[in-house]
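Chain order of the listed sequences is A and B.
Per UniProt numbering, residue 1 is the first one in the first sequence, and the count goes up by one each step.
Per UniProt numbering, residue 1 is the first one in the second sequence, and the count goes up by one each step.
The set of hints was computed from the structure by calculation and includes no laboratory data.
Be a bit skeptical, because a hint or two may be false.
Quick look at which bits of chain A chain B covers, simulated, 3 or more residues with Cβ under 8 Å [to be verified]:
{"hint": "1", "region": "327-338"}
{"hint": "2", "region": "383-389"}
25 Å max Cα-Cα, derived PhoX-like pairs, lysine-lysine [said to hold, decoys possible]:
{"hint": "3", "chain 1": "A", "residue 1": "112", "chain 2": "B", "residue 2": "99"}
{"hint": "4", "chain 1": "A", "residue 1": "139", "chain 2": "B", "residue 2": "375"}
{"hint": "5", "chain 1": "B", "residue 1": "139", "chain 2": "B", "residue 2": "156"}
{"hint": "6", "chain 1": "A", "residue 1": "158", "chain 2": "A", "residue 2": "186"}
{"hint": "7", "chain 1": "A", "residue 1": "156", "chain 2": "A", "residue 2": "99"}
{"hint": "8", "chain 1": "A", "residue 1": "156", "chain 2": "A", "residue 2": "214"}
{"hint": "9", "chain 1": "B", "residue 1": "286", "chain 2": "B", "residue 2": "245"}
{"hint": "10", "chain 1": "A", "residue 1": "375", "chain 2": "B", "residue 2": "139"}
{"hint": "11", "chain 1": "B", "residue 1": "283", "chain 2": "B", "residue 2": "57"}
{"hint": "12", "chain 1": "A", "residue 1": "375", "chain 2": "B", "residue 2": "112"}
{"hint": "13", "chain 1": "A", "residue 1": "214", "chain 2": "A", "residue 2": "57"}
{"hint": "14", "chain 1": "B", "residue 1": "99", "chain 2": "B", "residue 2": "57"}
Glycine is no exception: its CB is placed at the ideal position from the N, C-alpha and C atoms.
Number of protein chains: 2
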Amino acid sequence: MPEGFTKVTEDVHKPEVQNPYGPNPADFLSNVSEFELIESTLREGEQFANAFFSTEKKIEIAKALDDFGVDYIELTSPVASEQSRRDCEAICKLGLRAKILTHIRCHMDDAKVAVETGVDGVDVVIGTSQFLRQYSHGKDMNYIAQLAVEVIEFVKSKGIEIRFSSEDSFRSDLVDLLNIYRTVDKIGVNRVGIADTVGCANPRQVYELVRTLKSVVKCDIECHFHNDTGCAIANAYTALEGGAKLIDVSVLGIGERNGITPLGGLMARMIAADRDYVLSKYKLHKLRDLENLVAEAVQVNIPFNNPITGFCAFTHKAGIHAKAILANPSTYEILNPSDFGLTRYIHFANRLTGWNAIKSRVDQLNLHLTDEQCKEVTNKIKKLGDVRSLNIDDVDSIIKDFHADLTTPAVRPTIGEPVPHVIEGLDESAAKRAKQ
Amino acid sequence: MPEGFTKVTEDVHKPEVQNPYGPNPADFLSNVSEFELIESTLREGEQFANAFFSTEKKIEIAKALDDFGVDYIELTSPVASEQSRRDCEAICKLGLRAKILTHIRCHMDDAKVAVETGVDGVDVVIGTSQFLRQYSHGKDMNYIAQLAVEVIEFVKSKGIEIRFSSEDSFRSDLVDLLNIYRTVDKIGVNRVGIADTVGCANPRQVYELVRTLKSVVKCDIECHFHNDTGCAIANAYTALEGGAKLIDVSVLGIGERNGITPLGGLMARMIAADRDYVLSKYKLHKLRDLENLVAEAVQVNIPFNNPITGFCAFTHKAGIHAKAILANPSTYEILNPSDFGLTRYIHFANRLTGWNAIKSRVDQLNLHLTDEQCKEVTNKIKKLGDVRSLNIDDVDSIIKDFHADLTTPAVRPTIGEPVPHVIEGLDESAAKRAKQ
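Looking at chain A on its own, in the form it has when it is part of the complex (with noise of 0.2 Å):
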């Protein structure tokens, strides 16, 4: 436990009469509540600057994957490396529970040696936008449809599920997409998908264009977030709300660039709008672990500020906050940190304590103070955090000594004569009307 905190034992989470972020029933289409996990951290995840994964690892990592419940995992093309190839169809051979898929180009080529892999699923991809398509493969609308139709009809002759998907959504032609959408649609592939490759979409557009190509095809809809501009968690849980079935996520987010939709975050986001349905699926308690295995095996920190499991996702600081969270901590949660096996924290060593806090802290020393007597002691413990930062010793040695003092008659100092630890020289009348 970090310097200067104290766990919150006592779990007063109240059951809560009605769940205002839930999903919303006016959205017909909505399929906030059912949606599926395509998790990319051996794909997408690949393609992050620092990853280099070794067959053993891929296999622990998807292992741990398919232990927390994930609906699909997606590994790197067979046709990137020759190692590429023989990993996916390692992992083929796991027998694992969740549907293993395979992310190709739209290329008979790519096609051909993905179906040999033992692959449950084949995701294809191709730029539709301008930019892709003058710079990338350089080929027009018709022929990228002729090239759609060609693989996917191949792809489904060998009996497994195909996804079609865009690249760039965003920013290609709406009419040109949608045709392409419905073609693909009407051969009979599995989903179709939209990818917000440069991470530019926002909220609003990504709903708009999930409800407009909701009506236009039958099959599912999936969704592949960037995180360039900060959004991807959100607009993964717009386009759920749009009707979109299953997201793409990597754990922390790892992919091109800074990533994308972070299966942990996403998780923070579903378990606020759906409490059941996400413990019912998916094993919280090991994401931490999975987060761990990820992070080392790339080689970087979670960071501070990660949803979940960042160090202080569930640390309260400020006096007012702390107040409310002893007394019930629905005041200042939206997640109950039991949920994922982690525990909250006050932090009550600092100059923003209140004396809630600090008598929470009382407490667990087992000491016996007053109301009175605990504001008496927080604006001691407040003045000695006006001048230097706290640890969780300093604080116990202020109540510790205070209690002395109390409890020891003959040798009781007046009132507002500083005790141990305590700089002198402060304004006193300042520091009381700090009293919380």
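Given chain A, put chain B in place with the hints provided.
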């Protein structure tokens, strides 16, 4: 420069004919292009678990924020502690261009201290949700309204700006909220605030609440979003679309728990929406130094996946991405790194690399190889990349050896023979299939 990366020196971002991510002209109320920033690193940020800012550090941060161009700087309540009050006075005396605010509870005791500090404005907040009314202050809405009117009229009588905000707005009764906002608007507050104190709101809820509030009040709307469920940037953007004008941010998003809308992340979002406005107002090339200053002060690392300044935010890896980026960066970038004084990288030293990226490296080394020769040497690099993690020296050695063999006819090996550093025994035909 990290190992295995190459800096891409030419900047060939082409001007775009239109910007589909700009403000939507149909949103006639939207302030998306006239937004202002209330920078709260020295208030919300002080509630971050690790934060202890000395007076000198506060002044250094305030000056850096002012130089960056934020519109307001918000400071911790002067009643939080005696030093907090003195620091507030000291920062007011700096004569910064940004307006200085302090943030207090909706209480006359706090207001009386606040107006004496020299601030340009006071941000008043009170909990309005059932949770906070029950477990925090225990007051009903009538009492809150009376208190608000008294505090607002007092602050206005001193000739300084006043904002009234509810706390935990998204779990407050809508009619209660609208009633109190209309009341305070009529008595002349400068701004009303919406706060997602627990980080539970999603973009569509934000849009609807802001839109509704916009139809009820004439004053400006300010929004404050916590990031517990990863939506703080998207919610801020959507609030602006809905008609809000001011967004609370902090450097790196530091604040209670995992924090609020980060300044840098919001800049990424807004520059994609209206580059001219953002560049005219904020010194984006100072963002990295500002983030480093605060990160050092609170002893955290910049998250690996931080928008803009994360170490890989402008790093492209997969061969297909690298190819297009080399032709035109807009294909896979919505942000231009040079706007932030940063540089893009192509990560070519890995098994997912493609011959376009390697050709670019060959050019950088001032060697001359044909496209066919580049494809051949790329296969050799991918083969080694299949066996282990590569660094830039590995790639350069393979390229230089390959080039030396070509240009030394007497000892030129037959094509396909292994060059030094390449592990023998790999399947040559599979490597050929992997050509991109």
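Hints and how they fare:
A stretch counts as covered by a chain when three or more of its residues have a beta carbon under 8 Å from one of that chain; for the region 327-338 of chain A and chain B the count is 8, and the coverage holds. With 6 residues bearing a CB less than 8 Å from a CB of chain B, the region 383-389 of chain A meets the requirement of three and the coverage assertion stands. At most 25 Å may separate the alpha-carbon atoms for a hinted pair to count; residue 112(A) and residue 99(B) exceed this at roughly 64 Å. For the suggested pair residue 139(A) and residue 375(B), the alpha carbons sit about 22 Å apart, so the restraint of at most 25 Å is met.
In summary, the hint linking residue 139(B) to residue 156(B) is supported, as the alpha carbons are separated by about 24 Å, within the 25 Å threshold. In summary, the hint linking residue 158(A) to residue 186(A) is supported, as the alpha carbons are separated by about 18 Å, within the 25 Å threshold. Annotation: proposed proximity of residue 156(A) to residue 99(A) holds, straight-line Cα distance about 16 Å (limit 25 Å). Of the pairs offered as hints, the one joining residue 156(A) and residue 214(A) holds, with about 22 Å between alpha carbons and a cut-off of 25 Å not exceeded.
Annotation: proposed proximity of residue 286(B) to residue 245(B) holds, straight-line Cα distance about 24 Å (limit 25 Å). Of the supplied pair hints, the one linking residue 375(A) and residue 139(B) holds, its CA atoms being roughly 22 Å apart against a limit of 25 Å. Only pairs whose Cα atoms come within 25 Å are accepted, and residue 283(B) paired with residue 57(B) is accepted, the gap being roughly 21 Å. The straight-line distance between the Cα atoms of residue 375(A) and residue 112(B) is roughly 22 Å, inside the 25 Å bound, and the hint therefore holds.
Between residue 214(A) and residue 57(A), the direct Cα distance comes to roughly 38 Å. Violation of the 25 Å bound is thereby established for this hinted pair. Note on residue 99(B) and residue 57(B): the hinted pairing holds, with a Cα-Cα distance of about 19 Å set against a maximum of 25 Å.
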